[in-house]
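Assemble the whole structure, with the sequences as input and the hints as a guide.
In case you want the letters, here they are:
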Amino acid sequence: MNYGIVSQDQLEKIEAILEEKLVKLGVDCVIVIDMAGNTITARGKGISKYDVYSFAALAAGNFATVDAMAKIIGEQEFSLLFHKGETSSIHFSKINDELLLISLFGRDISLGFLRLNVVEAIDQIRALWA
Amino acid sequence: MQGGDILSFINVRDKVVQIKIVYYGPGRCGKTTNLEYINRTYKKQIVSEMVSLKTHGDRTLFFDFLPFDMGKIKGYDIKIQLYTVPGQVKYNATRKLVLRGVDGIVFVADAMEKQREKNIYSLNQLHENLQSYNESIFKIPLVMQYNKIDLKEHGIPILPISVLQKDLNSRLKVPFFEASAITGYNVAATLKKIIFSSVISIQKKLL
Numbered sequence: 000m001n002y003g004i005v006s007q008d009q010l011e012k013i014e015a016i017l018e019e020k021l022v023k024l025g026v027d028c029v030i031v032i033d034m035a036g037n038t039i040t041a042r043g044k045g046i047s048k049y050d051v052y053s054f055a056a057l058a059a060g061n062f063a064t065v066d067a068m069a070k071i072i073g074e075q076e077f078s079l080l081f082h083k084g085e086t087s088s089i090h091f092s093k094i095n096d097e098l099l100l101i102s103l104f105g106r107d108i109s110l111g112f113l114r115l116n117v118v119e120a121i122d123q124i125r126a127l128w129a
Numbered sequence: 000m001q002g003g004d005i006l007s008f009i010n011v012r013d014k015v016v017q018i019k020i021v022y023y024g025p026g027r028c029g030k031t032t033n034l035e036y037i038n039r040t041y042k043k044q045i046v047s048e049m050v051s052l053k054t055h056g057d058r059t060l061f062f063d064f065l066p067f068d069m070g071k072i073k074g075y076d077i078k079i080q081l082y083t084v085p086g087q088v089k090y091n092a093t094r095k096l097v098l099r100g101v102d103g104i105v106f107v108a109d110a111m112e113k114q115r116e117k118n119i120y121s122l123n124q125l126h127e128n129l130q131s132y133n134e135s136i137f138k139i140p141l142v143m144q145y146n147k148i149d150l151k152e153h154g155i156p157i158l159p160i161s162v163l164q165k166d167l168n169s170r171l172k173v174p175f176f177e178a179s180a181i182t183g184y185n186v187a188a189t190l191k192k193i194i195f196s197s198v199i200s201i202q203k204k205l206l
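If you read the protein sequences in the order shown, they are chains A and B. Position 129 of the first sequence, counted from 1, bears residue number 128 in numbering that gives the first Met the number 0, the numbering being contiguous throughout. Position 137 of the second sequence, counted from 1, bears residue number 136 in numbering that gives the first Met the number 0, the numbering being contiguous throughout.
Calculated from the structure, these hints are not laboratory results. Every residue, glycine too, gets a C-beta built ideally from N, C-alpha and C. Certain hints may be false.
Restraint-style ranges between C-beta atoms, simulated for each label pair [claimed, not checked]:
(1) B:Y132 with A:E19: 32 to 40 Å
(2) B:G183 with A:V65: 45 to 53 Å
(3) A:E85 with B:Y120: 23 to 31 Å
(4) A:I71 with B:D57: 26 to 34 Å
(5) A:R114 with B:A187: 42 to 50 Å
(6) A:E18 with B:V11: 13 to 21 Å
(7) A:L110 with B:F137: 46 to 54 Å
(8) A:L110 with B:I155: 54 to 62 Å
In silico SDA-like cross-links for lysine to any residue, where the CA-CA straight-line distance does not exceed 25 Å [what the hints assert, rightly or not]:
(9) A:K70 with B:K73
(10) B:K14 with B:K95
(11) A:K70 with B:Y132
(12) B:K191 with B:K204
(13) B:K53 with A:A58
(14) A:K12 with A:R106
(15) B:K89 with A:E76
(16) A:K12 with A:L24
(17) B:K14 with A:I46
(18) B:K89 with A:I71
(19) B:K204 with A:D96
(20) B:K95 with A:A129
(21) B:K89 with A:M34
(22) B:K73 with B:Q44
(23) B:K89 with A:T64
(24) B:K204 with A:E76
(25) A:K48 with B:I77
And the structure:
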C-alpha cells in the first residue's frame with residue numbers, strides 16, 4: 000500500500016508536466032503508475048482506446064520482472080526499457096522507487112526525441128518532491 | 000492524512016479508489032478457477048477481459064488479472080483489481096512481485112488430504128513474503144478459503160474443516176469459507192468478505 004505518495008496538488012502538477020512535455024509532442028498516451036500496478040494518471044488521446052487498468056497491471060509486472068533480472072546479474076537496474084512495435088511502441092521510465100512513467104507512441108515520433116522529453120518531464124516531476 | 004495530503008490510488012478529484020486483492024495459495028489449489036468463476040458470473044460489471052499469463056500447460060506463469068467496478072461507497076467509485084499468484088513452488092520470486100502494494104488477500108487452501116503439507120508451506124511463505132514488504136500477515140485483511148470440498152462426494156479424502164482451521168487459522172483467526180471454485184460454491188461469499196475487510200481497513204488508515 001503506497002499511502003500518501005502523491006498528493007492532489009502534486010497530481011495536478013504532474014498532469015500539467017505530462018501535457019506540456021509529452022502529449023503536446025504527440026504521444027498517443029502517457030500513463031503514470033505505481034509499482035503495485037495502480038494507475039495514478041493517464042493523459043493523451045489514446046486513453047479511451049486502451050484498457051488502461053489492465054495495461055498498468057501488466058506494465059508494473061513487466062517492469063518488476065526486468066528489474067529483478069537486473070539484480071540477478073548484478074546490475075542496479077536497466078535504464079532503458081523499450082518495446083518496439085510495427086505501429087506503436089512503449090517506453091518505460093522510472094520516476095522514483097514507487098512510480099513509473101510509460102509512454103505509448105507511434106512511428107511519427109523518434110525514440111531519441113521522446114527520451115529527451117521523458118528525461119525533462121521526469122526531472123520536473125522529481126522536483127515536486129524536492 | 001488530512002487536507003492536501005491525498006493518496007495515490009485514491010484519486011480525490013476523479014473519486015476513484017483502486018483496491019488490490021491477491022488470491023494466494025499452493026499450486027493447483029484453484030486460485031485461477033476462482034477468478035474464472037467471478038469473470039463468468041459478473042460479466043456485466045466487468046468491462047475488461049481477464050488477463051492470464053500462463054504456460055502452455057495452462058499453469059499460471061506470472062499472474063491472472065481481473066478488474067471490475069463495484070459501484071460507489073460514499074461517492075467514490077470502487078475499482079477492485081483481483082490478482083492471482085503462480086502457485087508452483089519454483090515461482091516464489093514472481094509471487095513476491097505480485098504481492099507488492101496488496102490491500103487484501105484470499106488464501107486458497109486445497110482441502111484434499113494429500114495437500115495438507117503444501118497448504119502449510121504456502122501460508123508460511125506468504126508470511127515471509129509479506130514481511131519483505133514490511134507487511135504483517137496478522138494485520139493485513141485476509142480471508143481463508145478451503146477449496147475443493149465438492150471432491151468429498153467423489154470419494155476423494157478431504158481434510159475436515161477442524162483440521163484445516165487448526166493447521167492454517169488457529170493463530171490468524173480470520174474469516175473462513177468452505178468452497179468449491181469449480182461449482183462456484185462460496186466463491187462470491189469469499190470475494191465479498193475480502194472486499195469488505197479491505198475497504199474497512201483502508202477507511203481505518205485514512206482516519
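Hint-by-hint comparison with the structure:
{"no.": "1", "hint": "B:Y132 with A:E19: 32 to 40 Å", "in the structure": "holds, 35 Å"}
{"no.": "2", "hint": "B:G183 with A:V65: 45 to 53 Å", "in the structure": "violated, 37 Å"}
{"no.": "3", "hint": "A:E85 with B:Y120: 23 to 31 Å", "in the structure": "violated, 45 Å"}
{"no.": "4", "hint": "A:I71 with B:D57: 26 to 34 Å", "in the structure": "holds, 27 Å"}
{"no.": "5", "hint": "A:R114 with B:A187: 42 to 50 Å", "in the structure": "holds, 47 Å"}
{"no.": "6", "hint": "A:E18 with B:V11: 13 to 21 Å", "in the structure": "holds, 20 Å"}
{"no.": "7", "hint": "A:L110 with B:F137: 46 to 54 Å", "in the structure": "holds, 48 Å"}
{"no.": "8", "hint": "A:L110 with B:I155: 54 to 62 Å", "in the structure": "holds, 56 Å"}
{"no.": "9", "hint": "A:K70 with B:K73", "in the structure": "violated, 43 Å"}
{"no.": "10", "hint": "B:K14 with B:K95", "in the structure": "violated, 30 Å"}
{"no.": "11", "hint": "A:K70 with B:Y132", "in the structure": "holds, 17 Å"}
{"no.": "12", "hint": "B:K191 with B:K204", "in the structure": "holds, 20 Å"}
{"no.": "13", "hint": "B:K53 with A:A58", "in the structure": "holds, 16 Å"}
{"no.": "14", "hint": "A:K12 with A:R106", "in the structure": "violated, 28 Å"}
{"no.": "15", "hint": "B:K89 with A:E76", "in the structure": "holds, 23 Å"}
{"no.": "16", "hint": "A:K12 with A:L24", "in the structure": "holds, 18 Å"}
{"no.": "17", "hint": "B:K14 with A:I46", "in the structure": "holds, 18 Å"}
{"no.": "18", "hint": "B:K89 with A:I71", "in the structure": "holds, 16 Å"}
{"no.": "19", "hint": "B:K204 with A:D96", "in the structure": "holds, 22 Å"}
{"no.": "20", "hint": "B:K95 with A:A129", "in the structure": "violated, 30 Å"}
{"no.": "21", "hint": "B:K89 with A:M34", "in the structure": "holds, 23 Å"}
{"no.": "22", "hint": "B:K73 with B:Q44", "in the structure": "holds, 19 Å"}
{"no.": "23", "hint": "B:K89 with A:T64", "in the structure": "holds, 15 Å"}
{"no.": "24", "hint": "B:K204 with A:E76", "in the structure": "violated, 33 Å"}
{"no.": "25", "hint": "A:K48 with B:I77", "in the structure": "holds, 22 Å"}
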